[in-house]
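Protein chains in written order, with our numbering: chain A, 513 to 627; chain B, 17 to 128.
It should be emphasised that the hints constitute simulated quantities derived from the structure, not laboratory data. None of these values were measured; they are calculated from a predicted model. It cannot be assumed that every hint is accurate.
[To be verified] Calculated lysine-lysine pairs in the DSSO-like style (CA-CA distance at most 30 Å, straight line):
{"id": "1", "chain 1": "B", "residue 1": "K115", "chain 2": "A", "residue 2": "K556"}
{"id": "2", "chain 1": "B", "residue 1": "K74", "chain 2": "A", "residue 2": "K556"}
{"id": "3", "chain 1": "B", "residue 1": "K84", "chain 2": "A", "residue 2": "K552"}
{"id": "4", "chain 1": "A", "residue 1": "K534", "chain 2": "B", "residue 2": "K65"}
{"id": "5", "chain 1": "B", "residue 1": "K65", "chain 2": "A", "residue 2": "K552"}
{"id": "6", "chain 1": "A", "residue 1": "K553", "chain 2": "B", "residue 2": "K65"}
{"id": "7", "chain 1": "B", "residue 1": "K65", "chain 2": "A", "residue 2": "K548"}
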Amino acid sequence: DTAVSQTPKYLVTQMGNDKSIKCEQNLGHDTMYWYKQDSKKFLKIMFSYNNKELIINETVPNRFSPKSPDKAHLNLHINSLELGDSAVYFCASSQAGARVNTEAFFGQGTRLTVV
Amino acid sequence: AQSVTQLGSHVSVSEGALVLLRCNYSSSVPPYLFWYVQYPNQGLQLLLKYTTGATLVKGINGFEAEFKKSETSFHLTKPSAHMSDAAEYFCAVKAAGNKLTFGGGTRVLVKP
Numbered sequence: 513d514t515a516v517s518q519t520p521k522y523l524v525t526q527m528g529n530d531k532s533i534k535c536e537q538n539l540g541h542d543t544m545y546w547y548k549q550d551s552k553k554f555l556k557i558m559f560s561y562n563n564k565e566l567i568i569n570e571t572v573p574n575r576f577s578p579k580s581p582d583k584a585h586l587n588l589h590i591n592s593l594e595l596g597d598s599a600v601y602f603c604a605s606s607q608a609g610a611r612v613n614t615e616a617f618f619g620q621g622t623r624l625t626v627v
Numbered sequence: 017a018q019s020v021t022q023l024g025s026h027v028s029v030s031e032g033a034l035v036l037l038r039c040n041y042s043s044s045v046p047p048y049l050f051w052y053v054q055y056p057n058q059g060l061q062l063l064l065k066y067t068t069g070a071t072l073v074k075g076i077n078g079f080e081a082e083f084k085k086s087e088t089s090f091h092l093t094k095p096s097a098h099m100s101d102a103a104e105y106f107c108a109v110k111a112a113g114n115k116l117t118f119g120g121g122t123r124v125l126v127k128p
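Working from the sequences, and respecting the hints, build out all of it.
Next comes the structure, spelled out in structure tokens:
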């Protein structure tokens with residue numbers, strides 16, 4: 513069983529469209545994340561949820577809206593897609609706690625291409 | 017605030033040679049440190065992590081890293097490179113909260 517799974521793996525869409533990426537983890541973790549990896553491979557955190565509560569919200573356009581229906585799922589909805597949104601989006605999960613020395617487990621990524 | 021700097025965006029080594037990837041961090045509290053590897057078109061996989069205790073940490077695939085507090089470094093090494101080590105490597109720090117901050121990554125090329 514895949515620990516952190518994302519769908520779709522590839523997404524090609526036109527500018528102005530709205531799209532969603534889904535993420536599910538079966539590790540029993542309390543915390544989930546969305547990261548964006550740009551064309552230069554730089555990884556930047558976008559959001560983090562702990563038990564369905566938003567705890568990290570970096571400087572991300574309002575067009576990006578995360579939703580966590582339960583602690584095993586964290587979806588990312590993007591409105592009015594722009595060319596600059598093209599990137600690989602990674603979902604991850606980890607155990608909660610500020611001092612818990614746990615690593616994050618990553619999904620395989622969703623390669624979003626906006627044309 | 018926490019940050020990570022990886023020196024060298026690309027490293028080229030010959031098969032069988034030493035692999036050395038440099039990572040320096042900045043943190044206002046004692047950090048947890050991680051190295052991840054990313055193979056082409058795949059997600060990130062944990063190589064090793066430092067939490068507390070022994071400063072020399074051994075990971076998978078023959079990699080190890082040493083935490084040096086005085087130098088705020090966590091360099092990754094492997095004594096003998098293999099072709100399968102060609103990948104992107106990321107150093108990361110977790111210091112405050114549950115936020116994992118990554119360095120810019122180092123691409124390793126292995127020459128036969």
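Taking only the CA atoms, is the gap from A:K553 to B:K65 under or equal to 30 Å? holds, 21 Å
B:K65 paired with A:K548 [C-alpha distance capped at 30 Å]: holds, 22 Å
Is the hinted pair A:K534 and B:K65 satisfied, with a Cα-Cα distance of at most 30 Å? holds, 28 Å
Are the Cα positions of B:K84 and A:K552 separated by 30 Å at most? holds, 28 Å
If you draw a straight line from the CA of B:K115 to the CA of A:K556, is it 30 Å or shorter? Roughly 11 Å separates the two Cα atoms, so the pair holds.
Given the proposed pairing of B:K74 with A:K556, does the C-alpha separation stay at or below 30 Å? holds, 27 Å
Checking one constraint from the list: CA of B:K65 to CA of A:K552, max 30 Å. Satisfied? At roughly 24 Å apart (the allowed maximum being 30 Å), A:K552 and B:K65 satisfy the hint.
When the structure is compared with the earlier hints, no violation turns up for any of them.
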